[in-house]
Amino acid sequence: MGSIARIEVTDGNPVAALQGFCARLLADGEISAVLAPRRLPGNGGTMPALVADPEQFHDVDPLAPSFRLSAARMLTRLTRGADEGGLVAALLRPCEVRAFIELCKLNQGSLENTLLVSLDCPGAFTNADTGRFSGNRGNAEALLGFLRADGRGDFDGMQIARACRTCEHPTGAEADLSICLFGQDPAKGLLLMANTPRGEGFMTRLGLPEASDDGARAKALDVLLTERRAAQEQMFAETTAATSDMSGLSTFLSACVNCYNCRTACPVCYCKECVFLTDVFEHKPWQYMSWARQRGALKMPTDTVFFHLTRLAHMSTACVGCGQCSNACPNDVPVMELFKTIAASTQKAFDYEAGRDPGEAPPLSVFREHEFTELTGGLD
Amino acid sequence: MKNMHTPIAFTPAPLVFQDEALAEIQSMVRACMQCGTCTASCPNSFAMDLAPRQMWRMLLFGLKQEVLESRTFWLCSSCYSCTLRCPRGLPLTAAMAALKRLAAAEGDAVNRKKALFYQEFMQNVEQNGRIQEMGFMCHYFLAMHDPLLPLEYGPLGLKLLAKGKLHLGDSTQRGRLGPLFAKVRSMEEAS
Amino acid sequence: MKYAYYPGCSLGTSAEEYDVSTREVLKRLGVELSEIPDWTCCGASAVEPVSRLLTLALPARNLALTERECPGLDMLVPCSACYLNHLRVGRECATDRALPGRINEALGAEGLSYAGKVRVRHLLDVLASDVGPKAVAAQVSHSLEGLSVAPYYGCQALRPFALFDDPEHPRSMEPLISALGATVFGWDMGGRCCGASLMATRRDVALVSVAAILDAAAGADVIVTVCPMCQMNLEAYQSQAHHADTISVLYLPQLLGLAFGLSDEQTLLDKNLAMTDALKGKLRACEAASA
Amino acid sequence: MKKEYGALVVGAGIGGIRSALDLAETGLKVALIDARPSLGGILAQLDHQFPSDHCGMCKMLPLTQRDQSSQYCLRKGLFHKNIDIYLHTELSNLEGDPGKFQATLSRRSTFIDSTRCVSCGLCAEVCPARVPSEFNAGLAQRTAVYLPVPHNIPNHYVVDLDNCQRCWRCYEACPTKAIDFKFEQRKDFHIVVATPDEQLAQDFPLWFKDENFPVHPTSSGEDALKLLAEGLDCGLMLLDLDLPQAEAERTLRRALELRPNLAVVLLAAPGKERDKDGGKDKVAAALLKLGAREVLAKPLRQAQAVPWLDKLFMRLVSDESFSIEVGAVILAAGFECYDPAASPGGCADLLLYGSHPGVLTSLEFERLASPTGPSQGLLTRPGDGKPLRRIAWLQCVGSRDVKKNADLCSSFCCMVSIKQALLAKRRSHDEAETTIFYMDMRTNGRDYQRYRDEAENEAGVRFVPARPHTILPGPDGDILVQYFDYAGELREEVFDALVLAVGARPPKSMERLAQAAGIEVNDSGFCATKYLSPNRTSRLGVFAAGAFGEPTDIRGSLIQAGAAAMGASRMIRVYHGPRDETPEAEPEYTDVSRQVPRVLMALCTSCPTLERNVDSELLHQRMATLPGVVKVVDVQRACTREGWEALRQEAELAAPNRVLIGACLPYVHVPRLRELGEALKLNPALMDVVDIHTASFSGRDTSFGGHAACLASCATGAGACDCGEGARTNEMGSLLAMAAAKLLGADPSTLPQATPVSPQALVVGGGLAGMTAAMGIADQGFKVVLVEEAEHLGGQAMNLRYTLEGDDPVRFMEDLVEQVEKNPNIRVLKDSRVVLSRGKAGRFVTVVATGEGMAHTLHHGATILATGGHEAKVYEYGNRVRKCVLTQLELEQRLAAGSVDASSLSGVAMIQCWRSREESRNYCSRVCCQGALKNILMLKKRNPGLPVYVFYRDIMTTGFAEHYYTEARRSGAIFIRYTPDSRPQVDFKDDKPVITALDPVLGAQIELHPDLLVLSSGVEPGDAAEIADLFGVGLTSDGFFQEAESKWRPVDFLKHGIFACGLALGPATMRDSLLSAKAAAQRVVRILSEKQLSCGNVVAEVRDTLCSRCGRCISVCPYGARALDLDRDKIVVDELLCQGCGSCMAACPNSATVLRGFHDEQVMAVIDAALAVQPSAAARL
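Chains as they are written, first to last, in our numbering: chain E, 1 to 380; chain S, 1 to 191; chain R, 1 to 291; chain Z, 1 to 1181.
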């Protein structure tokens, strides 16, 4: 556990405190810009923004429970290749940090060119509900209420997204700096923790007052995690039952129209042009006719289940469970439930956790001689 | 088998060549590669204090005294198993006999005593041309100065007597081998 | 078939039955023997520890006599020790060219010279290869049906010069035994050493070998040997080797003599020290069966 | 007209195959013959090879011009454009001189026509004979008509005439009439019997009445000659030796004049044919010299005479002898495993081999552990089937035994035993306890010591230094082993199985082969070769490859084979003059990438089983409906010339841009596709052959459709069988549909253009290896640049003064340096270093900086790295400090210079394995044991009485060097074994070394006071780190070059075009360096002899738009053929290195990298075609 500092909150407005924090980061010579969520005019909720002018932080709001898309993919575009002088500081949710680390393992971005600042994540609403929560529309009281709930309970009759309700990584311990919310009174002050040597460096330069962890955070986390793990087990059980055979799986995904939104929203699906968009799946007429003749009738469009199976095969070891796929699906297909369940079992099988450690190589790129002996029969 | 784990520090002197007899035996076993086949196939190896292959090793080191003190070569019943199976084709049984001759010639009293059986046998042959078993055994008992020895042969002697197999020996060939023994003795002194 | 016969010292004294039975059996088989005149002792297993030259000179003397007195005949030797001593002269002269000179210098004392023309043959070799089992079977009048015979070859007949049989697993006696109608007792101690002269110098060691051989022969009616020292060691010391039931040890020609129906004087069975009544019973049964 | 080849390779084991491939790849035509009916020699029986513990033979296949040769497992078979393989053939005579040899080959017929046999296996099912199978080393049985090796292609059955019981059942059972016993030719095969014996004259014709041979008995030679003179078409003459000798001789001479290839057999009275001491009777011997074939003992009995004569007739008619003209000959007949049951010279009685089922030779154990073996790889004891859990290995069976005329070490059995111990543990899931009894554990290859340490420490294999000799039957069928261990105790242990590590013996046909090839044989019976010209035999132009010259392991054989190939190719070029024949023009094909795919499908309908079991009419229609298929034609007997002509005309008529042929034996047609391609100007990659024949009959165990019994009725024409015909038609239909779908997706664009080759080589390092390699290349007409760091050539070998075998290395090196400096093709750059090197095989650019600061840029097609090594620096025990301590090399130099006077010495001690074979340098330096022995023999020669004591761990004298180890012992040197934890202690008293050590035999401490202490310090590689990353090649943990594969590509690097040889590859004696240098030279000539290097049809390409540069494909490529080009920010593929294995395609999630011929949609289409349900017969369209 690195050193801990305190971010003072004046007049009960934590958002302003964090805006000041970002400005101080930008003032540091090494940081050339800050990537942070910014409130959208009108319908509420936030979208990531790259702020280079210290004055422009006024509508930055990293605490808003709005998670319209994962900023990981944006950060890779900023940090790929040689750095353009100065680091990009990024305020990210824990699942965005872990998604970014996975992408760096695939040479899509580089950790050297960025300072990762992760916030304790009490969860966020689905894109549909984000607008309807008053906290997102400037009601500071509702926002403070939401923060004090430490990620539990419901607000204005609405619950946070199911992905967040079943998320067991609410803290981003892998980032350089972590802003701790759980167990703190957002009105009074927040804690800042440094996890990596680079984080320590910046913390000293920021010159924030020392602080000590009174354990409140850990207690709050325990309560939250037990609840979240229970919800996760229940989700896994439901999904596994629903998709245990081909017919179950095809009904589960029957609403899919191959719009491939889930792929576009997924931070770790890094292919430039998915094979399903290439000519490989532009079948010739005689092919469709032959299938139809063979089976009597052919569901159109074809290759929907095939698509999800292929995506599972490609990225289930890298899935961080951020829920953006369900968020982006126009027909409310429970994609997140399927992917999180499958990802959990594949990552357990390989004893690997997506985004846990930048040094840990992705499972399929490493050959271990004595693995899965129950399958290979122990004989090589 | 007395196993010699107690270290015997000795400094192997350079191979002295004046010792004609030792050199002759050494040349017989020089190509030994210490594979242990002779030791494993010798029927009497259980009673030997030095394993045959240890004895060849000490010979090559020139440790003549230590070899002559051991009783290994006296226990050789020349059954030729070792000579047959030695992968280096060494005349091992002939080497054992040569060691007996060496012990008889240069060995201490114990060795000379053990050689008596063979020397008495050959004296009897020299006198009678053909071995006279009765005469030879009597001379052998006398030479051994061991009163208990004849008793061991008591029961055997009686049985042979009963079966009429004890002959006082014919004297047809008495003295026939005198000139040959004398000639051989003079030739051996000369060389 | 005619051979120069070298009986050896022990066949004149303690192994008289071997000499007599050999002569009778060979006569029955039409083999003519002419004893080498003026033969002397070959030194047996006692000469080599005394003198290297004598080891070769003594047998060379008998060989020279054979060349002079019975030219062109092979020398037939019943006793394994004498056989090896005589055979070794020829073999060592072949490898060391200086040896014949020294031997003849020694034999010069008696005006004899050894030319190396004589072939030394063991009695077993003659019976097995020259006479052959068929000729033996032809002479059998009292088939030894039901008699279990353990063939014992000793050492020096087989090693180190393996001329007529396999030195590790000898088999040459077996056709002869079956020719007599007897059954060959299956054991692999045929080539194991009986302790030879150790019986005199270190009896305790020799008795261990004898005991091992006798134990292995348990179940056979009789052991058959072709060497007087082995016969003496196996037969005379059975009690000292604390061997429970004694087993009789015959010479091969004695066994042949029984099957040929030779008289007791011709086989001198009474000379054997351990004629068990079990064996006597069996022999009588054979006689009755064939009479 | 006599066939002409560049080279003849005798023996198709791995040595022969390596030599043949090395020559064929440089464009020479090679004739590869083998006496056995199958390819691969002993390696066909071995599945696992040390030190990699799996097979790797296919790594010998060519990497560039891949489509000229077969690209599948080499144990299945070998095809190459320039290699003609003659099996069941032996060399019977070799005349002429280098450049123009006339080789007469005699081929024993297999009585089965290889173009008709489809290996359906029906003949083997009916054959009554049961004979021990050679493939399974006698553990299993085979029939007289059998498959020599189960997994070979083409897998033809072979008739073993000697064991044939002449029941002719196989002849009747064969559906395609492939078996031919020449029945109809019997009636005009006249036999003349010249014998005075009336009885014989009478019953001979009677005996042969039903064989319908016309027999002409004559009472005398003259009558026989009269018959011949009258023009009787006589095939065989039986000449009775009872005729007067003069008459018999005259008849024989006259008969052979009348009919030169008449076979004459002598009949000799019993006993007469063998004179007293076993030799042939003088008369018979004389006649045999004159030309009689063999001698037959009378009295003849019908039971023997008839089959003997019938088989002789079949051989006379079917066997053939032909002669070919070759430039050079390589003998690679390999070796035979020592047979413990042989008599005389066997040791079966001692080791219970043959009488106890649990005693096996190492070859038999190999077969027992092989899945294709008798017990399908289960380690159970033959006989009672008891699982083998306690196994012992006995080393040096038939080796290192003066009494069995084997004063040699077979050099591979130690490593084979370790491998088999590990294999046994793996097969039994670590339940097996393995023990190896040995005298010296000879692990003197570079990585072998680590292999042994791993086996001993991790796998738990037990090594016992003892030579058990008493093996007795133990309790309940096990084996009791008695041995004396070093502590002097007699031990007894019981094992389930005892494996005899049998050594190497010259092949059985060695005497005949040596006489035919006119070469000399050394006293161990192997082909005599000299130490410093190891690949040459005693006859100029005839070379020894593989283990033929000296028993060696796979790596040694491969390097020896490469060296022999270099010798042969150099001999051919020197005597044949410059390469006159122009390389065939590369055929150009029309570009069909713009056209719509039009498939012509040709179905062969000739074989009887096809007509009966398949509704070809329905098949026809179904194929016509396939997408892209424009025409379906029937071709009669596509495998014959005429059938092929008909197919060609059909193709020219339809002018398709895709051709699909449905026939049997696809591998027979693959070479023909090339001709069709030239005829139609269509790239053969757009054609395919599908084996529809196997689907038309069901072998013993194929699951679909028919069953054997019913098929048998079909074969005998007992009526059309209706079982599963529909299923079989479907099966064939889907096979054809899949092939058609694949052809439709085939990528018609042209291959990436070939890289032109600059015909010059660069050799880095001017030591013995570098110079030999440079000479090897220069003599074959190519330019070489030789770069040497030092001021003069020679390297490490200049320090040697004499060799163990008595050659003079000093003069050898002087001649070599002189030849290199005077050779017009070699440009020597001394005192210069490589600064930079770029490019790939065929197009390298290297910058060399010379001492005076000049920089040369060189364009060369291939590189050889021979940076060598040096004696390891040892600073313990007062070395370099005290006068009385030397290393073996210093002692050798001082003995040669006379500065050390042996006669004045009173004692010398030597310590082996100093700083080798332990953690810091865990490998055997291979040269110090031989170095120590040659110094001992030199010392003893000068002072026989000098006591010499050698402290050793294992004396590594493999091959014929073992003889000198025996000589050293005979000369009086005393060898004292030590183990790493009881090492001899050395300290000094008045400037003389005092060595105290434990003598394990005596179990006592000994203390020696010699004058001189000599250390064997071992070998270290030169500092090659810089050169390695300059050329982009790897190093092992000890600093030697990391070759592509230690056994099968010993001198290549993974990066194509760069090779290594000499001491830099691993510890090596002068002989090893010479061999690896020549092998490397031949690999370089292989590249330089090509005008351009084109890659194979199946090669990977990158679609850059799709590639997100994640780099997964780079790490997964086994051949290192992919790299990220930073400045162009693209993944680039080196087509020459790429072997089309497809790993990159599997790793890429986005199909950004694709393999030509295996695009996604193509493979998906093939899968869909396979699953597509054929419209049932009723719904005929």
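Honestly, the hints are just simulated from the structure, not real lab data. Any given hint could be a false lead.
Unchecked claim - Quick look at which bits of chain S chain R covers, simulated, 3 or more residues with Cβ under 8 Å:
no. : stretch
1   : 26–40
2   : 58–64
3   : 70–84
4   : 104–113
5   : 124–136
6   : 170–181
Where a beta carbon is used, it is the ideal one built from N, C-alpha and C, also for glycine.
Now the hints, each set against the structure:
Only residues whose beta carbon comes within less than 8 Å of a beta carbon in chain R count, and the stretch 26–40 of chain S has 0; fewer than three means the coverage is violated. Interface restraint, the stretch 58–64 of chain S with chain R: violated (0 residues with C-beta to C-beta distance below 8 Å; minimum three). Closer than 8 Å: that is the beta-carbon criterion, and the stretch 70–84 of chain S has 9 residues meeting it against chain R, so the requirement of 3 holds. For the stretch 104–113 of chain S, the stated coverage by chain R is not satisfied: 1 residues place a CB nearer than 8 Å to a CB of that chain, which falls below the threshold of 3.
Residue count for the stretch 124–136 of chain S with a Cβ under 8 Å from a Cβ of chain R: 6. That meets the three needed, and the coverage hint holds. Check on the stretch 170–181 of chain S: 7 of its residues sit with their Cβ under 8 Å from a Cβ of chain R, so the three-residue criterion for coverage holds.
The structure shown violates the earlier hints numbered 1, 2 and 4.
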